[in-house]
Amino acid sequence: MSSGSEAPTSGEYIQHHLQNLTFGQHADGSWGIAHGAQEAAAMGFWSFHVDTLAWSLILGFTFFFLFRNVAKKANSGVPSRFQAMIESVVEFVDTSVKESFHGTSRLIAPLALTLFVWVFFMNLMDLIPVDWLPTVAKASGVPYQKVVPSTDVNATLGMAITVFVLILIYSIRYKGVKGFLAELIFNPLNPKQLGMPKVVWPLVMAFNLILETVSLLAKPVSLGLRLFGNMYAGELIFILIALVFTAGSGLVGAGLSSVFGEHIPWWFWTVAVIAVFATLGANLKGKLDNKKTLWLLLGEMMVIGGLAFLGGQIMHFGWAVFHILVITLQAFIFMMLTIVYLSMASEHH
Amino acid sequence: MNMNATLILQSIAMMVFVWFCMKFIWPPLLKATDERRAKIADGLAASDRAEKALAEANVEVEQQIKAARDKAGEIVDQANQRHSQILDQAKDDAVGERQRQVAAGEAEITQSANQAREELRATVASLAVLGARQILEKEVDENTHRELLDKLIAEI
Numbered sequence: 001m002s003s004g005s006e007a008p009t010s011g012e013y014i015q016h017h018l019q020n021l022t023f024g025q026h027a028d029g030s031w032g033i034a035h036g037a038q039e040a041a042a043m044g045f046w047s048f049h050v051d052t053l054a055w056s057l058i059l060g061f062t063f064f065f066l067f068r069n070v071a072k073k074a075n076s077g078v079p080s081r082f083q084a085m086i087e088s089v090v091e092f093v094d095t096s097v098k099e100s101f102h103g104t105s106r107l108i109a110p111l112a113l114t115l116f117v118w119v120f121f122m123n124l125m126d127l128i129p130v131d132w133l134p135t136v137a138k139a140s141g142v143p144y145q146k147v148v149p150s151t152d153v154n155a156t157l158g159m160a161i162t163v164f165v166l167i168l169i170y171s172i173r174y175k176g177v178k179g180f181l182a183e184l185i186f187n188p189l190n191p192k193q194l195g196m197p198k199v200v201w202p203l204v205m206a207f208n209l210i211l212e213t214v215s216l217l218a219k220p221v222s223l224g225l226r227l228f229g230n231m232y233a234g235e236l237i238f239i240l241i242a243l244v245f246t247a248g249s250g251l252v253g254a255g256l257s258s259v260f261g262e263h264i265p266w267w268f269w270t271v272a273v274i275a276v277f278a279t280l281g282a283n284l285k286g287k288l289d290n291k292k293t294l295w296l297l298l299g300e301m302m303v304i305g306g307l308a309f310l311g312g313q314i315m316h317f318g319w320a321v322f323h324i325l326v327i328t329l330q331a332f333i334f335m336m337l338t339i340v341y342l343s344m345a346s347e348h349h
Numbered sequence: 001m002n003m004n005a006t007l008i009l010q011s012i013a014m015m016v017f018v019w020f021c022m023k024f025i026w027p028p029l030l031k032a033t034d035e036r037r038a039k040i041a042d043g044l045a046a047s048d049r050a051e052k053a054l055a056e057a058n059v060e061v062e063q064q065i066k067a068a069r070d071k072a073g074e075i076v077d078q079a080n081q082r083h084s085q086i087l088d089q090a091k092d093d094a095v096g097e098r099q100r101q102v103a104a105g106e107a108e109i110t111q112s113a114n115q116a117r118e119e120l121r122a123t124v125a126s127l128a129v130l131g132a133r134q135i136l137e138k139e140v141d142e143n144t145h146r147e148l149l150d151k152l153i154a155e156i
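Sequence order for the protein chains is A and B. Reminder that position 122 of the first sequence reads as 122 in this note's numbering, one-by-one numbering, no gaps. Reminder that position 49 of the second sequence reads as 49 in this note's numbering, one-by-one numbering, no gaps.
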């Protein structure tokens, strides 16, 4: 916004928001952070999205410590509220696993819990206003920051690959190598049952193999891409709302630029944010009733950025409310599909 | 949208977190919830049992109260019976005593009358002799007129 020497164009703004902080080998052979999408692409496969990994780990450890903390203190007595909340999540996952997975496995339930909570936390990062963390990062010298790991296809496909490996392991464990291969070759058209002449068997088997391999590979790809696609689209809409109504595009109230000139100073934003927080805080402390609070907020929005800004806030709020549903649903779908795929892998057809 | 080694690291991170969960989170949480579920089931069963026991106890109390009431009625009946018995006996006693007293009085009266008659008889003879002597103005020998005198006495 105002921190750069020149306001970014719309395209630059979007690109900046969609660019991961990439660490890899530069063209000249040195290792470092890529500046710009082209540099990042030039780094090839052996580079890393530092922001994705860092946030994944932070969120993963958040999950671990939250749940570990409760698990350590868990007993059969009267649970605390937080313990009851964690336990209800665990019970929910446990029920889902028991309903969908018809084998016995020590791994499935913890796997499902980890995926559900971890993916949910990753998706939850989407609800943090899109400019906050990148702005802070930029101010502290980090050029790019994409804070929602599940909007990085590497993260979602990475998890899907682990699930794929588990599918293979489960197939072989429950059916044996022979059974697994037989399933690939004799499905969906079984030449023996269809009473085909022996001559065409290899043809049918090859057809089956291609079909089954595709459907096998489609599992992790669809698993990873579904989550990625949903979250990426959601993130993009947040960015667009932010772009059109509040950031860089120059649509910010014309009145403001007539007061401050081309660049709105940073203290104006600080004062504005503090004013909004103070209003909300006063409401929470019971010093302002809800009606007054709403009017005051509307007034503040108008002062800060004019009608466009107000519209942007309302749209952002609406999309965020809708997104709460999306992020929960996507986390649930990721978990359920994992369970279902592994259940299929461990069952005979 | 670059595909790069983030993929691999993310897979590894996932495996590690799943292992963490499997090792340190899932077992204690599930154990606690299972234990609590068992406890709640026990508690519910116990409350069912207690309810049943209470119902049984109520029935028993009812029976005992009924028995006690019966017993009390019996005792009251007995007491009433005893009461009337005592009353009857007392009445009988009183009647007997009265008859005895009456009999004794009558006996005494009869005895006194007899005694008076005896005395009278004794006196009558001498009075008769004395009178006759007065009338005849001579000595009357009692023994001579004994027969006459006895006849007189017997007439009294």
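None of these hints come from the bench; they were simulated from the model. Some hints could be false.
[Unchecked claim] Just so you have them, the derived chain B footprint on chain A, three or more residues with Cβ under 8 Å: (1) 60–68; (2) 81–93; (3) 154–161; (4) 170–183; (5) 212–218; (6) 323–332.
[To be verified] Below are the PhoX-like pairs computed for lysine-lysine, each with C-alpha atoms no more than 20 Å apart in a straight line: (7) K31/B - K98/A; (8) K52/B - K73/A; (9) K175/A - K138/A; (10) K72/A - K151/B; (11) K91/B - K73/A; (12) K72/A - K91/B; (13) K31/B - K73/A; (14) K192/A - K178/A.
[Claimed, not checked] Facing chain A, from chain B, some residues (calculated, C-beta under 10 Å): (15) A13; (16) M15; (17) W19; (18) C21; (19) G131; (20) I135; (21) E137; (22) R146; (23) L149.
C-beta: ideal position from N, C-alpha, C; glycine also.
Here is what the structure says about each hint:
Note: the segment 60–68 of chain A has 5 residues with beta-carbon separation from chain B under 8 Å; the three-residue rule is met and the coverage holds. Coverage of a stretch by a chain is defined here by at least three residues with a beta carbon nearer than 8 Å to that chain's beta carbons; for the segment 81–93 of chain A and chain B the count is 4, and the condition holds. Counting residues of the segment 154–161 of chain A whose beta-carbon sits less than 8 Å from any beta-carbon of chain B gives 6, enough to reach three: the coverage restraint holds. Counting residues of the segment 170–183 of chain A whose beta-carbon sits less than 8 Å from any beta-carbon of chain B gives 0, not enough to reach three: the coverage restraint is violated.
Check result for the segment 212–218 of chain A against chain B: violated, 0 residues qualifying (beta carbon to beta carbon below 8 Å, three or more required). Only residues whose C-beta sits within less than 8 Å of a C-beta in chain B count toward coverage, and the segment 323–332 of chain A has 0 of them, not enough to reach three; the restraint is violated. Proposed proximity of K31/B and K98/A is supported: the alpha carbons are some 16 Å apart, at most 20 Å. Our distance criterion of 20 Å between C-alpha atoms is broken by K52/B and K73/A, whose separation comes to about 37 Å.
Annotation: proposed proximity of K175/A to K138/A is violated, straight-line Cα distance about 53 Å (limit 20 Å). At roughly 142 Å between alpha-carbon atoms, K72/A and K151/B are farther apart than 20 Å, so this suggested pair is violated. The suggested pairing of K91/B with K73/A is violated, with an alpha-carbon distance near 89 Å, which exceeds 20 Å. A distance of roughly 92 Å separates the Cα atoms of K72/A and K91/B; the hinted pair therefore is violated under the 20 Å criterion.
This hinted pair checks out: K31/B and K73/A have alpha carbons roughly 12 Å apart, not beyond 20 Å. With a C-alpha separation of about 17 Å, the suggested pair K192/A and K178/A falls inside the 20 Å cut-off, and the hint holds. Nearest Cβ of chain A to the Cβ of A13/B: about 6 Å, under the 10 Å cut. The hint holds. The beta carbon of M15/B comes within 6 Å of a beta carbon in chain A, closer than 10 Å, and the hint placing it at the interface holds.
At its closest, the beta carbon of W19/B sits 8 Å from a beta carbon of chain A; the interface hint therefore holds under the 10 Å criterion. Using the Cβ-Cβ criterion of 10 Å, the hint placing C21/B at the interface with chain A is satisfied: the shortest such distance is roughly 4 Å. With a cut of 10 Å, the hint placing G131/B at the interface with chain A is violated, because the nearest CB-to-CB distance is about 133 Å. At a threshold of 10 Å, the smallest CB-CB gap from I135/B to chain A is about 139 Å, leaving the interface hint violated.
The beta carbon of E137/B is not positioned within 10 Å of any beta carbon in chain A (closest approach about 144 Å), and the interface hint is therefore violated. Taking 10 Å as the C-beta contact cut-off toward chain A, the hint placing R146/B at the interface is violated, the least distance being around 133 Å. Checking L149/B against chain A by beta carbon gives a least distance of about 131 Å; that is not within 10 Å, so the hint is violated.
The earlier numbered hints that this structure contradicts are 4, 5, 6, 8, 9, 10, 11, 12, 19, 20, 21, 22 and 23.
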